[in-house]
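K.L.:
Sequence:
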Amino acid sequence: MATKPPPKAPARAIPAPAAPSVEAAQNVTPVAKKGSQLLLEALLEQNVEVLFGYPGGAILPTFDVLYGAPIKFILTRCEQGAGHMADGYSRATGKVGTVLVTSGPGATNLTTALATAYMDSIPMVALSGQVATAAIGNDAFQEADVVGVTRPVTKHNVLVKDVRDLPRVIREAYHIARTGRPGPVLVDLPKDVQVSSFAYNNDGELNLPGYRPRVKGNDRQIRLAAEAINASERPVLYVGGGVISANASENLRELARKGNIPVTTTLLGLGAFDEVGDSKLSLHMLGMHGSAYANYAVQASDLLIAVGARFDDRVTGKLETFAPHAKIIHIDVDPSSISKNVDVDIPVVGDAKAVLEELVPLVEHRPRVAWFEQIDKWKQRYPFQYHPVEGTIKPQQAIEAIARITQGEAIITTGVGQHQMWAAQFYRWRYPRQMITSGGLGTMGYGFPAALGAAIGRPDKVVIDIDGDGSFLMTCNELATAAEYQIPAKIVILNNHYQGMVRQWQELFYEKRYMATPMTNPNFAKVAEAFNCKGLEVRDPKQLDDAIREMIATPGPVVLDVHVDREENVYPMVAVGKSLHEMEMGGMA
Numbered sequence: 014m015a016t017k018p019p020p021k022a023p024a025r026a027i028p029a030p031a032a033p034s035v036e037a038a039q040n041v042t043p044v045a046k047k048g049s050q051l052l053l054e055a056l057l058e059q060n061v062e063v064l065f066g067y068p069g070g071a072i073l074p075t076f077d078v079l080y081g082a083p084i085k086f087i088l089t090r091c092e093q094g095a096g097h098m099a100d101g102y103s104r105a106t107g108k109v110g111t112v113l114v115t116s117g118p119g120a121t122n123l124t125t126a127l128a129t130a131y132m133d134s135i136p137m138v139a140l141s142g143q144v145a146t147a148a149i150g151n152d153a154f155q156e157a158d159v160v161g162v163t164r165p166v167t168k169h170n171v172l173v174k175d176v177r178d179l180p181r182v183i184r185e186a187y188h189i190a191r192t193g194r195p196g197p198v199l200v201d202l203p204k205d206v207q208v209s210s211f212a213y214n215n216d217g218e219l220n221l222p223g224y225r226p227r228v229k230g231n232d233r234q235i236r237l238a239a240e241a242i243n244a245s246e247r248p249v250l251y252v253g254g255g256v257i258s259a260n261a262s263e264n265l266r267e268l269a270r271k272g273n274i275p276v277t278t279t280l281l282g283l284g285a286f287d288e289v290g291d292s293k294l295s296l297h298m299l300g301m302h303g304s305a306y307a308n309y310a311v312q313a314s315d316l317l318i319a320v321g322a323r324f325d326d327r328v329t330g331k332l333e334t335f336a337p338h339a340k341i342i343h344i345d346v347d348p349s350s351i352s353k354n355v356d357v358d359i360p361v362v363g364d365a366k367a368v369l370e371e372l373v374p375l376v377e378h379r380p381r382v383a384w385f386e387q388i389d390k391w392k393q394r395y396p397f398q399y400h401p402v403e404g405t406i407k408p409q410q411a412i413e414a415i416a417r418i419t420q421g422e423a424i425i426t427t428g429v430g431q432h433q434m435w436a437a438q439f440y441r442w443r444y445p446r447q448m449i450t451s452g453g454l455g456t457m458g459y460g461f462p463a464a465l466g467a468a469i470g471r472p473d474k475v476v477i478d479i480d481g482d483g484s485f486l487m488t489c490n491e492l493a494t495a496a497e498y499q500i501p502a503k504i505v506i507l508n509n510h511y512q513g514m515v516r517q518w519q520e521l522f523y524e525k526r527y528m529a530t531p532m533t534n535p536n537f538a539k540v541a542e543a544f545n546c547k548g549l550e551v552r553d554p555k556q557l558d559d560a561i562r563e564m565i566a567t568p569g570p571v572v573l574d575v576h577v578d579r580e581e582n583v584y585p586m587v588a589v590g591k592s593l594h595e596m597e598m599g600g601m602a
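Heads up, the final residue of the sequence shown is numbered 602 in our numbering, and it's a clean run with no missing numbers.
The reader is advised that the hints may include incorrect statements.
Label-pair distances were calculated between CB atoms; the ranges are [stated by the list, open to error]: (1) 567 / 354: 41 to 47 Å; (2) 178 / 543: 43 to 49 Å; (3) 553 / 529: 29 to 35 Å; (4) 563 / 151: 52 to 58 Å; (5) 553 / 387: 41 to 47 Å; (6) 354 / 77: 44 to 50 Å; (7) 383 / 535: 18 to 24 Å; (8) 382 / 588: 31 to 37 Å; (9) 153 / 545: 49 to 55 Å; (10) 145 / 580: 53 to 59 Å; (11) 588 / 387: 23 to 29 Å.
Below, computed lysine to any residue pairings styled on SDA-like, alpha-carbon distance capped at 20 Å [to be verified]: (12) 547 / 594; (13) 229 / 349; (14) 174 / 160; (15) 271 / 378; (16) 474 / 106; (17) 271 / 381; (18) 174 / 151; (19) 474 / 566; (20) 407 / 520.
No lab work stands behind these hints: they were computed from the structure. All C-beta atoms, glycine included, are put in the ideal place defined by N, C-alpha and C.
Please put together the full structure from these sequences, using the hints given.
P.N.:
Written as structure tokens, this is what we have:
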């Protein structure tokens, strides 16, 4: 039986259903409308402002109703790029990103973007065309089992077989994408469903009897958490991207300040805590390439308070020796994440914002003088650092220059690899939704299209993609999209002519057998110009600052090709199978 969400929603509220249509209110028989028109009306009901995508035969009826519709459409140059743009738009704005593609290869091209969003819990709705229902299973032209293909990489997916289900399914898709642990939802739309007609009476229904995300945490568990925090001598807050998606950053900061608790973040949690304004409490990022002082603090802690984090392998290192002296509190909206990788002592299932709102008043201020003295010693001995070389641009130097010139106010996206880790280490993160990167899946090629989506969603901010040459080449075709719509994203390529992170592993663990990692790159500045974008190039460290300023000051999209030290490595580094305290320092110490 169809159900309706509660009229008054709790923290991180489930949006109330739309009011009944005028026709229903006046008891007038609704006019029959095609599925494509009903789809458009459903998107407008969900306040969709922009669509990213690519047309094709099976989705043409929907594209036809978009002609003249009050939704901005961004024509990308590949469906993967469309998905990453919707993802970047979502991360930058907190809204649900929407992507529209055709059947078969259109949908399969999208799967990498869906997997990226799924691993990082990003709310997104993908609408894919499909062959007519009568042709499904007959190997029709551009047919693929999209529901089957995307089931492992979506929070929910559905094939719409009847036009009468379409408005409800779209409403449910957005509801599922944005509530609980967010994630991507795919709706597969056969062509005949798009052209069939139905007299729809909008009653705002949702038919999700088994879907009840928990928002409020258990009171007893929250009290136990507060008691453990108040009793601890060496606590550490371990903060993940769930704090950002729950809009709980201010609550997190209030907890850290009131309790006088040091804070370390995951890659996706960067920005949840102000690394500048609260530098005394900040341990920066932890994990494989995290700060030495964060890793040492976690290993020495007597209480680890995990909020919106999932204890993934890049954070924990060797599981058997992770935080060996610590009692563990785990606050997460997803009950399946609790004790999935690490056994926890005090689980609290609920929305991070709702739980922290109840937890903070129960927490007492503790000086913890000895703990902070020890942390300060680690910070002084093991800072993030690099060794400048005359006449050579170090990649860390370029990121420091970007941070200084933007005053730490830019939205930063990245690809995946060494440049991603250097960005995490050397930019100083202050605000939620400031760092946009592929964490769980590690998707090369993500940074540039994500920057385009972020720039569309946040036209008030400078958006810079700090990219690698390998990552950028995977999706650089979207320069055509950037030029067509004059999207003012700036791209800084830290160009070392290598698959840098893989080369580093080959250097350290494979006796420098550089198989398939050296790269012969094009002239990226000229490539940008060929796409009608501005292209800049810099090789001299003395010209770096001026080049960055020119990039930022130039209207529209700009590519800045920065030639950096070819064999610079990322340190600290926790090798696979090692414990967090067993870091390779690379001469940093």
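K.L.:
Taking only the CA atoms, is the gap from residue 474 to residue 106 under or equal to 20 Å?
P.N.:
11 Å, holds
K.L.:
The hint says 41 to 47 Å between residue 553 and residue 387; measuring C-beta to C-beta, is that right?
P.N.:
42 Å, holds
K.L.:
If you check the beta carbons of residue 588 and residue 387, does the distance land in 23 to 29 Å?
P.N.:
About 25 Å separates the Cβ atoms of residue 588 and residue 387, which means 23 to 29 Å holds.
K.L.:
For the pair supplied as a hint, residue 407 and residue 520, is the alpha-carbon distance within the 20 Å limit?
P.N.:
18 Å, holds
K.L.:
Do the beta carbons of residue 563 and residue 151 sit within 52 to 58 Å of each other?
P.N.:
The hinted range 52 to 58 Å holds for residue 563 and residue 151, with Cβ atoms some 57 Å apart.
K.L.:
Is the straight-line distance between the alpha-carbon of residue 271 and that of residue 381 20 Å or less?
P.N.:
Within the cut-off at roughly 12 Å; holds.
K.L.:
Between residue 174 and residue 160, does the CA-CA distance stay at or below 20 Å?
P.N.:
12 Å, holds
K.L.:
Determine whether the Cβ-Cβ distance between residue 553 and residue 529 falls within the hinted range of 29 to 35 Å.
P.N.:
31 Å, holds
K.L.:
Indicate whether the distance between the beta carbons of residue 567 and residue 354 respects the range 41 to 47 Å.
P.N.:
45 Å, holds
K.L.:
Given a hint of 43 to 49 Å, does the C-beta separation of residue 178 and residue 543 actually sit inside it?
P.N.:
47 Å, holds
K.L.:
Just tell me: holds or violated, for the beta carbon distance of residue 153 and residue 545 against 49 to 55 Å?
P.N.:
38 Å, violated
K.L.:
Given a hinted range of 53 to 59 Å, is it respected by the beta-carbon distance of residue 145 and residue 580?
P.N.:
56 Å, holds
In this structure, the hints that do not hold are numbers 7, 9 and 12, in rising order.
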